[in-house]
Every structure is written in structure tokens, then in C-alpha cells.
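A.B. asks: Start from the sequences, fold in the hints, and give me the full structure.
Protein chains: 4
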Amino acid sequence: MPFTKSFASDNNAPVHPAVFQAMLEANRGDVIAYGDDRYTREAHKKFREAFGTDVRVFFVFNGTGANVAALSQLTRPYHAVICADTAHIQHDECGAPEKFTGCKVHVLPTTDGKIKAEQIKPLMHSVGFQHHAQPRVISITQATEMGTVYTREEIMDIARFAHSNELYLHMDGARIANAAAALGIGFRELVTDTGVDVLSFGGTKNGIMLGEAVVFLNSRLAREFEYVRKQSMQLASKMRYISAQFTALFTNDLWLQNATHANQMAQLLAEKVREIPQVKITQPVEINGVFAIIPKEAIKKLQEKYFFYVWDETRSEVRWMTSFATTEKDVENFVQALKESL
Amino acid sequence: MPFTKSFASDNNAPVHPAVFQAMLEANRGDVIAYGDDRYTREAHKKFREAFGTDVRVFFVFNGTGANVAALSQLTRPYHAVICADTAHIQHDECGAPEKFTGCKVHVLPTTDGKIKAEQIKPLMHSVGFQHHAQPRVISITQATEMGTVYTREEIMDIARFAHSNELYLHMDGARIANAAAALGIGFRELVTDTGVDVLSFGGTKNGIMLGEAVVFLNSRLAREFEYVRKQSMQLASKMRYISAQFTALFTNDLWLQNATHANQMAQLLAEKVREIPQVKITQPVEINGVFAIIPKEAIKKLQEKYFFYVWDETRSEVRWMTSFATTEKDVENFVQALKESL
Amino acid sequence: MPFTKSFASDNNAPVHPAVFQAMLEANRGDVIAYGDDRYTREAHKKFREAFGTDVRVFFVFNGTGANVAALSQLTRPYHAVICADTAHIQHDECGAPEKFTGCKVHVLPTTDGKIKAEQIKPLMHSVGFQHHAQPRVISITQATEMGTVYTREEIMDIARFAHSNELYLHMDGARIANAAAALGIGFRELVTDTGVDVLSFGGTKNGIMLGEAVVFLNSRLAREFEYVRKQSMQLASKMRYISAQFTALFTNDLWLQNATHANQMAQLLAEKVREIPQVKITQPVEINGVFAIIPKEAIKKLQEKYFFYVWDETRSEVRWMTSFATTEKDVENFVQALKESL
Amino acid sequence: MPFTKSFASDNNAPVHPAVFQAMLEANRGDVIAYGDDRYTREAHKKFREAFGTDVRVFFVFNGTGANVAALSQLTRPYHAVICADTAHIQHDECGAPEKFTGCKVHVLPTTDGKIKAEQIKPLMHSVGFQHHAQPRVISITQATEMGTVYTREEIMDIARFAHSNELYLHMDGARIANAAAALGIGFRELVTDTGVDVLSFGGTKNGIMLGEAVVFLNSRLAREFEYVRKQSMQLASKMRYISAQFTALFTNDLWLQNATHANQMAQLLAEKVREIPQVKITQPVEINGVFAIIPKEAIKKLQEKYFFYVWDETRSEVRWMTSFATTEKDVENFVQALKESL
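Residue numbers (the numbering used here), protein chains in the order written: chain F, 1 to 342; chain Y, 1001 to 1342; chain H, 2001 to 2342; chain E, 3001 to 3342.
Keep in mind that the hints are not guaranteed to be accurate.
[As the list claims (entries may be wrong)] Examples of chain E residues toward chain F, derived with CB under 8 angstroms:
#, residue
1, Glu3025
2, His3131
3, Gln3134
4, Tyr3227
5, Gln3231
6, Ile3276
7, Pro3277
8, Gln3278
[Stated by the list, open to error] Derived list of chain Y stretches under chain H, where covered just means 3 residues or more per stretch with a C-beta under 8 angstroms from a C-beta of chain H:
#, segment
9, 1073–1080
10, 1217–1231
Simulated from the structure, these hints should not be mistaken for lab results.
The beta-carbon is built from N, C-alpha and C at its ideal position, and this holds for glycine as well.
C.D. replies: Below, the structure written as C-alpha cells:
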């Protein structure tokens, strides 16, 4: 392959050295499997420090697993889950939410990946009508799949709507670190205090190797979740290696360093491509992604050197992602290649 | 906890250094996610070398995921899966096979974890009767959960029965390496040539960190399996780190070294405890586990120093597992502690 | 409630006397259960006469059961089903399709309940991409939930698109008789010859008591469907009483008489309310339903005398349905009451 | 077919004239669909009179539907359901319970179809262990599939065990009327007062055409069950015709007359075949069925005249069922034919 740097996704990046080091340090002797070990206890402690003492944390394998197990916990199969049309649970999980929860997924149209309480209201006409799936969970993605970020007020607005209608609020936080870095606040302010009920906390896109956490902001909601995790095929036997990675993320605010850097690289990229007349940025650049429309022929040429996704073929819109491992030089080289392809 | 060595399970062991090294070497620069990378291609090649050119391999996260996704591929929900009453899919997956495949699981009684074609025959009366779940898959575990090993002839016998009745043969190979080492044959002779259709190839119990492979011995059976893997929440984004581990296992026959050593440590343990009159070994010691009946009070005392599972409380039967990381000294210390607890 | 005639739904109507008579005639002595009886064989023969010799017919209990079992037969859980946003499978089955098939349901916006091949094209971008549910079935409703009817050309257009993209075409025919009557053609021309793969043939809304038929227009697609029917809890033991009703429907073209009459009563109703200035008919009146916007206060008053559904509260739009049992006098009385409520 | 009377099953019988009459009387004018009608209210009242005022009743289509919807209401997918190996939910529902509830079904061996609390105890070792499906429901069949009847004490024993272990007790009452008639007690004594939580109340085998009732003996357990019924495809639109049948069953104790007669005919049959030396009755004849071992060749000859099921081919055991419609003459003719076949 000709390229050494991908702008396709933050999961094309390697593992941060400090994360690797933490796994190595956990690689000593025997410990009990399935999470009854000191590494897992330590990681759980880190989460409580970050989110509050009443949280309960369960490590799983990946984002789809975290989302599906979380939604399964909050629903019965005759419920409906409400999300944006751009949501990962709707678009990128091959129907796993429907298959495993049995629930209907209602999608709301958005331009920037963010939904509003106002949009959900008409769906509430279904409540109490036995022919209709009953709304039970609103799922929002923070930061969104479109690279945008919900403000605290926007989240609180949706949470208020949810709770006054007996709905739960789930947050898909595959890029929660990027969102927190962008807003300049901690997880407690961003998640616990805004009224989120359950969070899928992502690490893979922020420098770890593999692992995701289902975080219940209210321990009562976690009742019997260990069985849901197991039955959803998300229970790791050598759990300590997932746990150690999360501890690393929370040590010296590595999560924040990684996310801040990735976000900055996207800003740099946006800044540079804004100067190119044939490129039109289509979304606010709030985290580590740049969405842009570029000429069709340029896409083809640029992809010979760099792998990235075409987001919307009809509009000739592409998505470029940066990561903790992207350097300024990488951005410069990429912009150079982009210019040459035009 | 006071112990540094567990005899509870081979998944209490750490990761073999060579496996860790392979992951470290894969930690360079960006590669495409979800398996379209050179590390994954190399690992697939290793599997083809070991099993034959027509195999197709899909990496997943864990054994439950491998079993469930494999069974899901082979069935429709009105089918039945047939297995031993000791099978992991029946006993230790919290109902994941039923939940995800929708199939009925028919269990056959065994004393040693091994089923026989003869036992399956009566279930075939259901074929063609619309009120009954239709038998479609026989699932055997090699080596079994009871530490025993099917001979090649026994597998071929079941495979013949399966194929002459339009059934598939699935093998849960969580300890396939231990079985191959015990029989002194390779995977091709043990799996491909005996008529197995799909194998869950386990690595975690043989020295890797995390990862399992679904191996279709006939590429035709793998059609569209990528979607089953994704929908069963088993697709890793940073796939290279799972792939690199499997490549390490197949390099310099590390799988064989690890399994042979673990098996030998169980032999050593069995040899030593056989001399103790209050201990009665209950299963043939064919791989890396020893099942034994010991006095109830001794269990309690010994568990203060070593963690292990009570297999059958009513019989006061325990299970002791060794691993690639168990040393002769570990065995001696354990036997010493056992003697003291009697 | 004071009313004796409902304009709420064609399933508020009683059972046609000829249908009742057929059940009574089947009530003689013992016959084998589950469909191995002469009444069921006769009903199957009627379907073959109406649809063609290669059809295979399975009776089930209701429309949701027919739709879900049919879709289950055509899909695996990682597939997607595509339908109009107004479709019964999307809107009125409490998530049963998702729960039982495991599939994602993709909805297309419509104003008249009819979808077009053109709308489906963008969804085909998902084909071959492992993260996305794979489109497999297009489901259309004939006549639609909005009281409109697909022309033969429109159906053939969708069928062509489906088959050239390896999709199946399912038709929800809860009101298939009304559609055939409206178009003045038989079932063979309307269904078999237009390329429909599987039909949910509805009887309950056309004068029978209870029962629906899953009709495979190509016998090859019906393979093992008896198990799907049983597992979807849709197999009647005293099948003869469902079968006898369908035979009655096909005797002396009762289905056509009933549907024609119901359609005519809707025409009469439409004609009369068109003269009322405060009433605005919102959909073409093609079968036995009239959709109209009327003042909010009038709805309330009229519902004191007649039960019917408010279709869209925000628009103050109502739905009035007629049936085989609606008389001209019923329509006149209803219009009179409507006028009084204005 | 040569036979006019079947001894295969009580569902080979026709519909009792009084039940038909009740449906005919309900066939007047329009009523609201889906159960909001006076016929359904009346039927519910009858159930409250028979079972107690706190019951809640939901009509469904058939026994499999009743069982599956009831179990679905009581469980989450990581739970296990415990039943006899002869249970309909295990043996005759094509895996519908697993498919729809997602639960594991644990079977207990029996000779007479009746399980004991004692047998369930070992399964309780799984409680709290995340790898195991968690026991949640005990399901017993009254009368059993083997024609035997639980005494009140036996039921209370199981109920006590269930409730002291946080389990629910479900009763599959496909032949509940035969059991009550055999014991000479009412439904309140047999079901409500013994501690049953949910009952599948069968009517089809006792003279109705089609329909089953899910009866929650405690209204609190019925919360949101209307959605489970709908999503399990068990909601009838023209509900009145199911309701009217149940009202008929409860009018003039028709259920008791029918069941008593059917039971007596089985007694008569048993009495007569006991005199035949080549016939060996294998189960106590407590309701309307006779299980017997007869010579293999006799089976074949007798089946030329009468349809019935071979229960256990290896033992040459057959099942003969009587119904409300079986006459003494029918029994005599059958015994005559049996003798001729020997």
C-alpha cells in the first residue's frame, strides 16, 4: 500500500505507547478471569472518579456491543429506540440493535447529526396504542457521526424531554473524549450532570487497542446487566487487558491529550483546505473530522495515495478523520497531495 | 488474594511473551480497519497452511461469539443444535446460542463429555414433523469440557452420521490445540480431514490475549458470514492486533509448544495426586485438566491459597487446570498445599 | 356506545353469512388437525385456480402473522426490508417484523402510500458493505394503507427493480380484494403476472371471521415454510374452519362482490362529503376508504355517534372505512350526522 | 378417508354446537375491533367469576401463542424456563419459546409428565453465576401431555418452591378443563389458590373452534402485556368471535360437561382394552387419553381404519384421545377394530 497515514478513520491509527505499556505491566502471573481482578477494580475506580460514585461500569469488546447491550438493558422488545438518521446504531451496525433487542429503531432526519426534543414529540402519539412499538430510549451520539458536538444545554433539553416522558437517554460515546475536549469540560459535567442514563464510552478511537465501556450513570439501571453482557457475547475472559487500557486512558489525562491533539489536527486540516477554492467544507469542524465536497476526479486521485471514505457519493462529499497519531507533517503532506489531485 | 498461580482455568494465565511481541510489532503506523490489512492477510495465510486451502477464516472476540456466530451461519431459527450436556454452548454461554440463533439446543447425557452418533439417532424422528425443531447441527467440543479427547475415528463417525442425515458438524475448539497435541497430529488431520464443517478455533486458553477464529473448512459455507459476524457484535475495528496474535501462535509452532507444556503439567499433577489416597481422579487426564473428588473440607482450605472451581458440589468434585505458564514448581507447590489441606 | 355502524375499519364489520355457512358445513365429524383435511385441500385448490398452479398456500391467523412469517422466510437477520413509511409492517405491528425476523426496516417517505423503484436505489449503496444491513425484500401494500392502488405497471416496475437487484417483492394484501375490484382484474393478473414473490392474502377485512394466507407465487420459495409458520405461532389446529372461509370467499366470486360493494360505498360517501365545503378529501378514493380533513370540533361531535380513527391529529385528518356490510342508508345516516356535527 | 372418528387428538373433533351458536349470535352489526367490544367484556367477566377478581385475561389464537407470550412476559432473554421433557413448550412448538423469548429451556426427565420441586433444586446452583442462564419460570402442564393430573398438593409444592426462589409458576392448561373435571374442583381451587402465576387456558381441545386465553392470576404481572400479545402476532381483529366462544364455554358449565364426557369416554376405552391381553396400558388414565403398548403389526392395521399417533416407536406405544364428541358407540367400534387388528 502506498500510504503510511490514513485519513479514513481514527480507528486506522495504532495503539498509544502508554496504553501498550499498561497492558504489558498487567501481563504478570495469573489473575482470575472475567473481571474479578485488581486491574479491573482499578479501572472501575478511575471511572467512578471521572463520572461520580454511583456509576457502574462494564467493559465490553466494541462499540456495537456496547450500544446493543446498553439498549437491550433499557428495553423490552416491544419498545422503540429513537435516534438520528446518521446514528451508528441505525447505519453502521448491520441491524444488530434490531436483532438483539427486538426493538424498532425510529430515525429522525438531521443535517448535522444532532436531534432535538421537538422532533421526538410526534412519536409520542404512539404511547399506549397497542399496535405501535412504544418509545423507550432516545439515543444520541456525542460527538456525532457528522463531527459535531451537542452542547450541555442541548443534552439537558433532550434529557428533560426523555425523563418527563418516561424515556431513557442513551449516549453513544464512541468519540466522547473528543467531545469533552472540544467543550473543555469533564465527563461528569458532560454526561452525569446532563441527565444521560447510560453511556457507551469509547476508547478504540482515542488510542486504545480494543475495548469499550457501558457506563450506567445510575447504578439501579445496571441490575442484572452482567447477564446481558454475557449473553450478548461481550464478556472477555482475560479482562485485565481491557481494564489496563482504560486505566491508562485515565492516567495523566491521556484521554484528554489524545483527543485534544486529534481535534487540533482536524482544525489544522480544515484551516488549510479552506484556502483551496475547489474544496467546500460541509459541517462545522468541532472534533477530529472534516467533511468536505471535492471534485469527483480528485477523490479518485487522492485515494491512490491516501485511504478515506466517500461519505455521500451523489454530493461528492468525503470524510477525513485525524487521530492522536496524526502529525502536523501528515496534515501538510495530505494537503499537498490534495492540491496535486485537483 | 494470596495466590500467584491459579489452577482455576487456562484463561487465568497471562499472555505468552511471543504473542505480546507480535502485537507490538503490529503497532506501527496506520492500517485500514476491520481486517483489510497485511497482518490479517498473513494470519489467514497461516490458517490456510494449517488447515488447507479451501478454508475461510473470520476472527472474532471470544469463544461464545465464535460458537454463536458459527451456529447462526449454519441454521435457521426452526432448527435444533445437538450437543453434550457438558457443552459450553449449553452450559456456559448464558443462553446466547438460543437468543441469537433462535434454535432449540438438544442435550445428550455423557459421562466424559463425548457424544456418540448412536445417541443422536432418536432425535432424527423429528425430521419432517412441523411441530418439532428440525435437527441441523451437531456440536462437539474438542477437547471436551471434561478434559477428554475425541479420537479421529470418533469424530469421523459423527461426521458420517451428520452428513448422511443432512446435518452439519460444528467443533468448539476452545482447547483444540491441547487436543491436537494430545493426539500428536496436526489440525488438518484432526479437523479438515475428519469431516468437521465449522470450527471455533480458540487461542485465549493457549496463550493469546483475546481473540477466536471461526474457521469454515469449506469456503462455500462461509457465504455472507461477514454480516453474521458484524451483526453478532464480533467485528473488531483494530483487527490487526487479533490477527498478529494468531500469526504468533502459528510461528515456530508456538501453539504446539504451549499446548504440549500445559498437557504435561496436567500429567505431572495427576501423577502426583494419584499417590494421595483421599484424592480420586474422575476423568482420563488427556489434556491440561484434572478432575478429582477430594474431601469437602480440603476444598475450602485449599481455596484459601489457590483459586479453582468446584465442578460438582454434590460429589465434591473439583477441576484443576494447567496452562502454558504453569511450572513444575507450581505443580509441586500446589500438591504440597493440597496435602496440607487434607 | 350508541352506534350500530362503524366507519372505523372494515374489520369492525361482522362475518358474511355465506362464510359462516361454510364454517357450519365444515363442522361435521372428526378430521385430522393442522391442515391435513379435505377442507384445506379444497381451499388450496381454489387458490391455485385463482393464482396459478405453481403457488403454495399456507393459512395463518392474522395479517401481522402473515407478513412476519413471509418476511422471515425471505430473509436472514442481517437483511433489510424496505417499505413505505405508512406500511402496516412499519407502523401497526408493534415491532413484530424486527423482533421476529431480526431485520432492519427501511422506510421511504410517501404521500399516497405508494413507493417507487427510484426511491429504493440509494439504499443499494449498502450492498456488500459489511457494516450495513443488506437490502433483501421490498414490501408494498396493495391496496395501500392510504386507500390508493398500485397499477399493474407500477408493480411490475418495482418487481423488475427488485429482481435485477436480487431482492424479493412482498405484497401485503390485507385489502388485495379491494384493489383487484378497483382495477377490474383477477389475482393472477394483479399478483402472479406482475412479479410478486410472496403475498399476504387478507380475508378478514373482506368478510371472513379470521384467517390470512401466505401465498408463495413460486413454490420453490416455500421450502420449509411449514416450520416458520409453526415457530411464528401461526399454525391452527382446527385448520378446517379457516380453510372453509377461504373456500367460501372464492365461491361465486364472493371476494369480488364484497370488495366491489365496499368500494362503491366509499365512492358514495366521497361523493356526498365532497359537497360539504368544510370537508376536504385528501387522498384519491380508490378502494373502500375516505381520508378527509374536517374541523377538529366536528370530529369530537361525530365520534359521539360513530367510531372512526383520527389519522393525523395535527392536520385534523380522519379516515372513514366502509365494508361489505355498509349500506347506502348507513352512508346517508353518517353524512347526515357529519353535517350536523359541523 | 375411511374413518369418520379420530382417536388421534381432541383437536380432531368438531366445534360444539353451543359454541357455534354463540359465534352466530355475536355476528350482528359492527363492533370495535381488537377486543373493545361487549362480547369480550362479557367473556372477561366470566373468567373473573371463575378465577377471581384480580385476574387479567388476554385472548390469543392458539396454545403455542399463549405459552410463548406468557413466558415472554415473565422473562428476559437471559432467563431459563424449566419444564418436563414431555412438555409441549419443549417438544411440540418447533422452538417457538426459544426463538421468541430468547430463553434457554431446561428439561427435567419424567415418566408420567409431572415434575417435582426436588428435581429443580440442582438447577438453582446457576443463580448469580453470570455464565449461566438464570432460572426464572417453572412451567407445568395440567393435565400433562401423558394424560396425568397434578394434585392440588403437588402444584402447591412447586409453587412454594418457585416463590421462595423468586421464580414464577406457569401452567400450560391446554387440557385444564379435563384436569379440573378429573379432580372434581373449580378453576379457582385448581389454579388461583394453588399459587399459579400465569395460565395458558385452552379451549380448542374442549370444544371450541379456535382461541386460547392467557390468564394472569395477579393483575400486576400483566403490565404492558397488550404489547407482548401484539408483537407475538396473537391479537385478533374480530376478537368478538373468540370471546363469544369462551363465554359459551362458561355458560351452563359447558366446559365441565365437555371435559367430563371426554374423560368418561377414555375410562370406557381403558376399561375395554384392559381386557385384551396383547394391550398394555402404560399411564394412569386420568383424563381423556389412553397410552398403551400394542403389537407393531396391529398399529398398522388399525391405522387403516382410524388415525392416531404412535407415541414411542421403539416401545410400540400409542396414544388414543377421546373428546366431547366421542360416543360410546365410537369407543365400541374402535375396540372392535382393535381386536380385529390383533
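A.B. asks: If a hint holds in the structure, say so; if it does not, say that too.
C.D. replies: Hint check:
no.: 1; hint: Glu3025; result: violated, 27 angstroms
no.: 2; hint: His3131; result: holds, 6 angstroms
no.: 3; hint: Gln3134; result: holds, 6 angstroms
no.: 4; hint: Tyr3227; result: holds, 4 angstroms
no.: 5; hint: Gln3231; result: holds, 5 angstroms
no.: 6; hint: Ile3276; result: violated, 53 angstroms
no.: 7; hint: Pro3277; result: violated, 55 angstroms
no.: 8; hint: Gln3278; result: violated, 52 angstroms
no.: 9; hint: 1073–1080; result: holds (count 3)
no.: 10; hint: 1217–1231; result: holds (count 7)
The structure fails to meet hints 1, 6, 7, 8 from the earlier list, while all remaining hints are met.
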